[in-house]
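> Here are the chains, one letter per residue:
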Amino acid sequence: MTTATMSTVSTITPLLGRAKLKPNDLKSDIKPIWCPGCGDFGVLSAFYKAVSDLGIPPEMAVIASGIGCSGRFPAFVEAYGFHGVHGRVLSLATGIKMANPELLVCAVGGDGDAFSIGAGHFPHAARRNVDICYIVMDNEIYGLTKGQVSPTSPQGLGPKFAPYGEIKAAKSTPYGNTDAPINPIAMALAYGATYVARGFSSKPKEVTELIKHGLTHKGFAFIQIYSPCVTFYDTYDHYKEVTKPLPADHDTHDKMAAMRYAYDSEHLYLGEYYIEDRPSMAENLKGLRAKSGSEFSMDALMERFKG
Amino acid sequence: MTTATMSTVSTITPLLGRAKLKPNDLKSDIKPIWCPGCGDFGVLSAFYKAVSDLGIPPEMAVIASGIGCSGRFPAFVEAYGFHGVHGRVLSLATGIKMANPELLVCAVGGDGDAFSIGAGHFPHAARRNVDICYIVMDNEIYGLTKGQVSPTSPQGLGPKFAPYGEIKAAKSTPYGNTDAPINPIAMALAYGATYVARGFSSKPKEVTELIKHGLTHKGFAFIQIYSPCVTFYDTYDHYKEVTKPLPADHDTHDKMAAMRYAYDSEHLYLGEYYIEDRPSMAENLKGLRAKSGSEFSMDALMERFKG
Amino acid sequence: MATSNGQNGSHDLVLRVGGDSAAGGIVATGEIFAYMASLAGLEVYTTRTIPAEIKGGHVMYQMRAALEPLTAQGDEVDVLLAYDEETYERYSTLLKPGGVLVYNSNDVKLNVKSEGRRHVGIPMHDIAKSLSFARGYNMVAVGALVKLFGMDMDLARRGIERRFGGSKRAAETVTVNIAALERGYQYIEEQLGKDSPFQLPQRTDEREGRMVISGNQALSMGIIAADCKFMAGYPITPASEIMEFLAGEFPKIGGTVIQAEDEIAACGMALGASFSGVRSMTATSGPGLALMIEMLGHASMTETPLVIVDVQRAGPSTGMPTKVSQGDLRLACYGGNDDGPRIVVAATTVEDCFYLMPHAFNLTEKYQTPVIFMSDQDMAVRVQTIAPFDLSRVVYEGRERYEPSANGHGPYQRYLDTPSGVSPMSVPGQPGGQYTAEGLEHYASGAPVFSVEMHTNNMRKRARKLDAALEYIERHQLWEEFGDAQSEIGIIGWGSTIGPVREAIQSLADDGMTVHVFYPKVLMPLPEKQLTAFLKNKKTVIVPEMNFSGQLAEMLQAKFLRPFTKLNRYGGVPFATREIVDAVRAAHQL
Amino acid sequence: MATSNGQNGSHDLVLRVGGDSAAGGIVATGEIFAYMASLAGLEVYTTRTIPAEIKGGHVMYQMRAALEPLTAQGDEVDVLLAYDEETYERYSTLLKPGGVLVYNSNDVKLNVKSEGRRHVGIPMHDIAKSLSFARGYNMVAVGALVKLFGMDMDLARRGIERRFGGSKRAAETVTVNIAALERGYQYIEEQLGKDSPFQLPQRTDEREGRMVISGNQALSMGIIAADCKFMAGYPITPASEIMEFLAGEFPKIGGTVIQAEDEIAACGMALGASFSGVRSMTATSGPGLALMIEMLGHASMTETPLVIVDVQRAGPSTGMPTKVSQGDLRLACYGGNDDGPRIVVAATTVEDCFYLMPHAFNLTEKYQTPVIFMSDQDMAVRVQTIAPFDLSRVVYEGRERYEPSANGHGPYQRYLDTPSGVSPMSVPGQPGGQYTAEGLEHYASGAPVFSVEMHTNNMRKRARKLDAALEYIERHQLWEEFGDAQSEIGIIGWGSTIGPVREAIQSLADDGMTVHVFYPKVLMPLPEKQLTAFLKNKKTVIVPEMNFSGQLAEMLQAKFLRPFTKLNRYGGVPFATREIVDAVRAAHQL
Ligand SMILES: Cc1ncc(C[n+]2csc(CCOP(=O)(O)OP(=O)(O)O)c2C)c(N)n1
Ligand SMILES: Cc1ncc(C[n+]2csc(CCOP(=O)(O)OP(=O)(O)O)c2C)c(N)n1
Ligand code: SF4
Ligand code: SF4
Ligand SMILES: [Mg+2]
Ligand SMILES: [Mg+2]
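Chains as they are written, first to last, in our numbering: chain A, 1 to 307; chain B, 1 to 307; chain C, 1 to 590; chain D, 1 to 590.
Read the hints as simulated data drawn from the structure, not as lab findings. C-beta atoms are modelled at their ideal positions from N, C-alpha and C, and glycine is treated no differently. Honestly, I wouldn't trust all of these hints.
Unchecked claim - Derived PhoX-like pairs: lysine-lysine, alpha-carbon spacing no greater than 25 Å straight-line:
hint: 1; chain 1: A; residue 1: K160; chain 2: B; residue 2: K286
hint: 2; chain 1: B; residue 1: K168; chain 2: D; residue 2: K538
hint: 3; chain 1: C; residue 1: K559; chain 2: D; residue 2: K566
hint: 4; chain 1: A; residue 1: K291; chain 2: B; residue 2: K244
hint: 5; chain 1: A; residue 1: K286; chain 2: D; residue 2: K252
hint: 6; chain 1: B; residue 1: K160; chain 2: D; residue 2: K252
hint: 7; chain 1: D; residue 1: K559; chain 2: C; residue 2: K566
hint: 8; chain 1: B; residue 1: K146; chain 2: D; residue 2: K55
hint: 9; chain 1: C; residue 1: K559; chain 2: A; residue 2: K146
hint: 10; chain 1: D; residue 1: K559; chain 2: C; residue 2: K539
hint: 11; chain 1: A; residue 1: K244; chain 2: B; residue 2: K255
hint: 12; chain 1: A; residue 1: K168; chain 2: B; residue 2: K291
hint: 13; chain 1: B; residue 1: K168; chain 2: D; residue 2: K252
hint: 14; chain 1: D; residue 1: K538; chain 2: C; residue 2: K559
hint: 15; chain 1: A; residue 1: K160; chain 2: C; residue 2: K252
hint: 16; chain 1: C; residue 1: K559; chain 2: D; residue 2: K129
hint: 17; chain 1: A; residue 1: K160; chain 2: B; residue 2: K291
hint: 18; chain 1: D; residue 1: K96; chain 2: A; residue 2: K291
hint: 19; chain 1: B; residue 1: K244; chain 2: B; residue 2: K205
hint: 20; chain 1: C; residue 1: K529; chain 2: D; residue 2: K559
As the list claims (entries may be wrong) - Derived, one-sided and incomplete: chain D residues facing chain A with beta-carbon distance under 10 Å:
hint: 21; residue: S38
hint: 22; residue: H298
hint: 23; residue: P448
Claimed, not checked - Over 12 Å on every C-beta distance to chain D, these chain A residues come out as not near it, computed from the model:
hint: 24; residue: P36
hint: 25; residue: S45
hint: 26; residue: V89
hint: 27; residue: S91
hint: 28; residue: A99
hint: 29; residue: K160
hint: 30; residue: F161
hint: 31; residue: P204
hint: 32; residue: V230
hint: 33; residue: D249
hint: 34; residue: R260
Just chain A, same shape as in the assembly:
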């Protein structure tokens, strides 16, 4: 993993190191309601650690989410939060950040929230390079609604066929899932996301690093984190088997190389696939303000409509 992104001028650079909090200090009063063993716990711990390491004051952090087990995440963090409706977290996060670019804004959610109902917003957040970090807790299933297939569920998944884990539901696909899964990493790359990474909730140290890099990246950072659902689709063993760190010599500036790893037929690679430095949305909007000139008066505006 490179730490290249740490040095670019992210909007949140001024926040770094301003707070001295232990990870535990970032726990809110609300206890997570996840099932014991849920992968989301690992992501949450890594998040506490990342924010603590970065030294970001809680009042400057906003976590937005959609609906899902994973969508309950914001309430568990001592920070501002927005538990939005299903699938719209990227629009909330974009508004929150662009209205006040000094805030650290992180969007979180599940694979259904992100890639199913939210699929229409992902390409646009990426191409705008909006200055947020988007963490998707991917359990390849709908947890909260009790185990229907999601866009990342393997084809064929059903009560009688669970190629990669133990399935306890899949009620909407009793004869197997007809749909082929999407490839979130390839999609993020195709959309022009400028930071694309993948983690696994059982690798807390690595996940912590990815989150730190994602939060401090200038522009849109996308992190897919495998986060198994023990209750409906337990894929821990599968991931332990097939995940593998990206090779040390992988060039994170080579999009085509990243694509190839995303499509690897044997392994699910973990780590940073791609990093790019291009103007972020906050920068671009600042640019507009400069171009517009700052001359404004209501009287002048009214003059425009006079004879």
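Since chain A is already given, all that's left is putting chains B, C and D with the ligands on it; use the hints.
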């Protein structure tokens, strides 16, 4: 261009050659209301020709669309049509086709309809490999609403900056478009579309061929057709300059090669990027029926709830 | 201890079980009892809560059993089975005088006097652990109750087999559970001797095999009975089960179920399928219906049939997904940009979930305008005993098809103006029937037009279809009317509140108080003639609704220009029978 | 020929221009006249149609000019400028006795008698071609009209400069157009001599510089005046212009405009920005509002301020995007799963589009519930003369901010229950103010909870804010009341129908007929006290609405339990003054 797809077992194979109609016979009573010179005329003519060549009876063809200048397309064809709401054409087309797989179903629309408001449906139609052809008339602008930027508009596009054509509007971006454009070909590839091609409305013969292939492809065929908007963003000259057929030796089964061409920095390649043979949605749904067994009686169902 | 509950008057028994769902087995306990009661020929009516937590959290399951059909869950409890302290604290006040508390003495510390109720403490955890099967504490309780009520242990064993059988490790699970069951039984026998102190109602007459079924299950079967063959949905509590049910059955009959990427796509797929000539639907809850509003208007404008099921849950917004509400009526009736006619039907009972569904499809097909079918979370998830469905009551009335010959010459006019407003419809594949379904205002041909004349005319044409639909509604009497027509006190309601109302009028009758009740099953268009007749002699009309603002009451006021007495509950739980009784009493005292 | 038009009584003139938009220049003709009239110190009020076709199709532009402020477009026409036969056929019956038809004799074939009207044929194409500037035929017509009405040629030249100046090829374009103008002028001089047969109203008094402005423009300026700094939108006719206007101005004042990928995202971005503490909004039309319904409920549930502008167009569904309607009222008021309170305001005039906007923002910020601001296509796109905005009338009342010290100890309670229902709100960046905006039902802290008590309580808390808002509405008198309070005939309306109503009561007064008018500018919550007082002495109350079903009328009936006389037009065009007059007349004759 290969004609490989012509031989696979598409659901519409039984329709081929059943009608003997000239392209003109496929014109409906409604005269296109497009501006003279609009690229959509070229696409429409190619479509008439393709359907005529394939010999598909008009009563077996359904064209669904969303909203936009391009969305008016279905009414101009002597066939069944569905002029849906903005951005939902793929869901309509999926329903139409899956309810009656014997029909030829084609979805059409503009770049805004497809990649902006409709962006959430595109990945899913592709991964399901639904047996339809999706033609996007891409003018890199919102035509019907009079010239705002679309997801394919170049970054910076505004009244004072039109890198690739003459801009007559771009009113929503008076100081320039802040957003980077998406790459529809790369997206379609990342989504798992099994037929991915690009045309240019000024190349009617090539477009006709692509449409014929797309219509007869087994599964989801995506064709991006550059179709300039003379009224708001005239890009004819630009396309004439930068488009170029894909090299004859391009292997249409090599997804990574297709990706590389999609990202070419010099040329916009025309032709067939990618073709894949994998089970289509109609096939998969048929498979479910086989698995379910065909035993059904209401009485047996009721028994299930008795003591 | 066959007791009378609520204001029912019939002999019945209410058992409530509660505990922490993390411990497991609470719902299973209730379900096994419901099954046993049903096997014993009793009518059952269950209700349950669903914890707010994803795993863990308090959960309650209530079963009511009686000789006669039941219409409400029962306000008070005869037997409270408290697995933990919280259960005891929440519900002990609901226990009737003469009722019995069975509690887990390993967890519950009693510190109040019994006040005429019987208390039976059982060290459930200790007993279960003594069997090296800690999770079996709930079966210990079941065994104890079986003994306490002198029930048939064979029924209990069958219940356990049904609940746990079938899966891989089934046999083993069944064995250990039955062992726990038997230990519980013995424990009571040891404590209280051979004779059982309480008794369930006893069925002596023979009855044909009745079903124990939930609203969502009945509704799904109604969809099949209606000859619907296409369903696209998106998971959402409490409607997901409908898609899941149909996913299991539709493939067998050549039908299609698609789990779409969101509700808009689900609605679009169903609309497309309907255009192709297949009866089509989607099912969702409030947030999903909210997302379908644009497409709903499109169905109305293009005159394409479509059924949308809305299993209502408490809102607004995400709200309380596992709690009941009737808060979506106005969204269903009025949610749309500009006036796009739609028909709104509402099931009042689990039976209705089945029988009303073919009507919903007939209405959408005949009048080519979308139908929204309203259910609610409570009716959808609880199970209840009902008679097997009488398939001879299912009628089929279809789309008026375009017949080229009958239409004379000239091209097909998809949106032909007719006296009823209904235009004959072609279907793709039909030669000569080509048209474009058009969301822009259009000529009869479907060609877009923006003229004052055509728009004015078409707004009337489309709306006229609702007038025409009244004929269907009257012919099939899509309403319930009961009680005393002479009464000056009336109740008009919709949906599942009919249950407590039915129970309430029985108990009011015991007190010599009358009430006259009308439940339309079609809320748009309202059966105005019947309602007008109903209202003629009414001094006070109560409108009970599980929503804040009185959504039906407001619609009635707008139409009949007279006051209605709003009776609103908006806590996420169904009406208690008592609340209806009190409201009618108050009206009588005016 | 200063004539009186409609039922106005004041001296004014109505000019209507029509032709095929493919030929070009029709709208330009009208705009130049509007500009000239405005320069001449007259009040103007324009209206236009937009062709259904993307390019080409019939288009009409009407300008009314008068000495006194105008409130309606004018039912009849003094001067009809017909570029083609279709124009003549469509509108010749609108021409008043004594009116004048100026027609393109190269296209229009007159085959009827003049019936007291004057006909002036001009071979416009021939003349233009003689100048080798075929597209200049419209300027030939302008020149002719200038001469016919004895107007100042300098004003006409300035008009042309304004219309065509500025662009690259501007100078050249201006020159050829002015040449055509002068040839038209000469042509009439040659035909009819030096004296002009007709005359425009003449202004003699001095007035401060007035603005000629559209509703969308005024509304956009209102947004700026309200201190809003964030707008996210998605293009849609007829609302796109608001986003476009703000995109030009917001960057100058540090504000942000984002063209989102769809309406749901636009709404979400605005909601997020508001959460960040910035006044935020989105603007759309009916189909977009339909898509925002889920998110609207979310704003209500999370109590996050948000303004949504709905520039209504004719539906249902895609409908007629360029035509007017008032069909979205019920969607705005009731569109939501379960009862989620929102405030609905409606501008009645172009001035209101400006002045009401700061109130809309104050309401959403003070009461932390979404506000929907209703406009309509006609008001949005036509231009009209109004006085410059008086910025001293703009008031600012903001969010109640959370003050950690004032709140005592303990963690911040975002949803603290208070008598008004309004809870002090923190903003990200504020230490100690951390909370999660929660769409699930919640405790005061924001932590999710699904209890009967909290849900019941919060449903009341949230709704109570609308009662509190009545104080604001009364304090700022957000309604219009005029006419004769003694009259037994009343009109209650909303939105831009107020214009024809104002004009109608003048003309009714001439006939000795009175009427009393009330236009609430807040439709939810309705100003009940004022309406009750208004209704006290009313025998008949007419509710004119540009929709099919009488959406406001139904709301009033539900509230006041008395009949209202629905007066509905749903052809996609505004009311004619005459239609109001006729309805009031009929009421007087009851
Ligand atoms: C509009 C809408 N549709 C559907 C739902 C129901 N719903 C809640 S969460 C969810 C999907 C959960 O899956 P995912 O996003 O993968 O999150 P997870 O629970 O697995 O973490 C769905 C369909 C909803 N709340 N709102
Ligand atoms: C829900 C909704 N939002 C917005 C619109 C307005 N609208 C109509 S077409 C269009 C975009 C047109 O652009 P494109 O899809 O590229 O088609 P084109 O006109 O360029 O062919 C928009 C935003 C609408 N009709 N419905
Ligand atoms: S259901 Fe699955 S995703 Fe949800 S909390 Fe439990 S383990 Fe986690
Ligand atoms: S506006 Fe543009 S896209 Fe629309 S018809 Fe005219 S040229 Fe074609
Ligand atoms: Mg998931
Ligand atoms: Mg376009």
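> For every hint, state whether the structure bears it out.
Do the hints match the structure? See the list:
A hinted pair counts as satisfied when its Cα atoms are at most 25 Å apart, and K160(A) with K286(B) qualifies at roughly 18 Å. Between K168(B) and K538(D) the alpha-carbon distance is near 55 Å, which puts this suggested pair outside the 25 Å criterion. The straight-line distance between the Cα atoms of K559(C) and K566(D) is roughly 13 Å, inside the 25 Å bound, and the hint therefore holds. Under the criterion of a C-alpha separation no larger than 25 Å, the hint pairing K291(A) with K244(B) is inconsistent with the structure, at around 36 Å.
Using a Cα cut-off of 25 Å, the hinted pair K286(A) and K252(D) holds, with the two alpha carbons roughly 11 Å apart. Distance check on the hinted pair: K160(B) and K252(D) sit about 17 Å apart at the alpha-carbon level, within 25 Å; holds. Of the supplied pair hints, the one linking K559(D) and K566(C) holds, its CA atoms being roughly 13 Å apart against a limit of 25 Å. Only pairs whose Cα atoms come within 25 Å are accepted, and K146(B) paired with K55(D) is accepted, the gap being roughly 11 Å.
A hinted pair counts as satisfied when its Cα atoms are at most 25 Å apart, and K559(C) with K146(A) does not qualify at roughly 43 Å. The straight-line distance between the Cα atoms of K559(D) and K539(C) is roughly 19 Å, inside the 25 Å bound, and the hint therefore holds. Between K244(A) and K255(B) the alpha-carbon distance is near 23 Å, which keeps this suggested pair within the 25 Å criterion. Simply put, K168(A) and K291(B) have alpha-carbon atoms about 20 Å apart, close enough for the 25 Å limit, and the pair holds.
Between the alpha carbons of K168(B) and K252(D) the distance comes to roughly 23 Å, so the proposed pair stays at or under 25 Å and holds. A C-alpha spacing of about 20 Å is found between K538(D) and K559(C), which places the hinted pair at or below 25 Å, so the restraint holds. Proximity of K160(A) to K252(C) is assessed by CA-CA distance (about 17 Å); at most 25 Å being required, the pair is judged to hold. A distance of roughly 64 Å separates the Cα atoms of K559(C) and K129(D); the hinted pair therefore is violated under the 25 Å criterion.
The straight-line distance between the Cα atoms of K160(A) and K291(B) is roughly 11 Å, inside the 25 Å bound, and the hint therefore holds. For the proposed pair K96(D) and K291(A), the alpha carbon gap of about 52 Å is over 25 Å, so the pair is violated. A hinted pair counts as satisfied when its Cα atoms are at most 25 Å apart, and K244(B) with K205(B) qualifies at roughly 14 Å. The suggested pairing of K529(C) with K559(D) holds, with an alpha-carbon distance near 22 Å, which does not exceed 25 Å.
Hint status for S38(D): holds, given a least beta-carbon distance of 5 Å to chain A, under 10 Å. Hint status for H298(D): holds, given a least beta-carbon distance of 5 Å to chain A, under 10 Å. Annotation: interface hint on P448(D) holds; nearest CB of chain A at approximately 7 Å, less than 10 Å. With 12 Å as the threshold on Cβ separation, the claim that P36(A) sits away from chain D holds: the shortest Cβ distance comes to roughly 19 Å.
Distance check for S45(A) against chain D: the nearest CB is about 19 Å away, which clears 12 Å, and the non-interface claim stands. A beta-carbon of chain D comes within 12 Å of the beta-carbon of V89(A); the shortest separation is about 8 Å. Not every Cβ of chain D is farther than 12 Å from the Cβ of S91(A); the closest lies at roughly 3 Å, contradicting the non-interface assignment. Distance check for A99(A) against chain D: the nearest CB is about 4 Å away, which does not clear 12 Å, and the non-interface claim fails.
The Cβ of K160(A) lies farther than 12 Å from every Cβ of chain D, with a closest approach of about 35 Å, so its non-interface assignment holds. Every CB of chain D lies more than 12 Å from the CB of F161(A), the least distance being 34 Å, so the non-interface label holds. Annotated as non-interface, P204(A) keeps its C-beta farther than 12 Å from every C-beta of chain D; the closest such distance is 24 Å. Non-interface call for V230(A) relative to chain D: holds, since the shortest CB-CB distance, roughly 22 Å, exceeds 12 Å.
Residue placement check: D249(A) keeps its beta carbon more than 12 Å from all beta carbons of chain D (closest about 37 Å). Residue placement check: R260(A) keeps its beta carbon more than 12 Å from all beta carbons of chain D (closest about 29 Å).
In the structure shown, a violation is registered for the earlier hints numbered 2, 4, 9, 16, 18, 26, 27 and 28, in ascending order.
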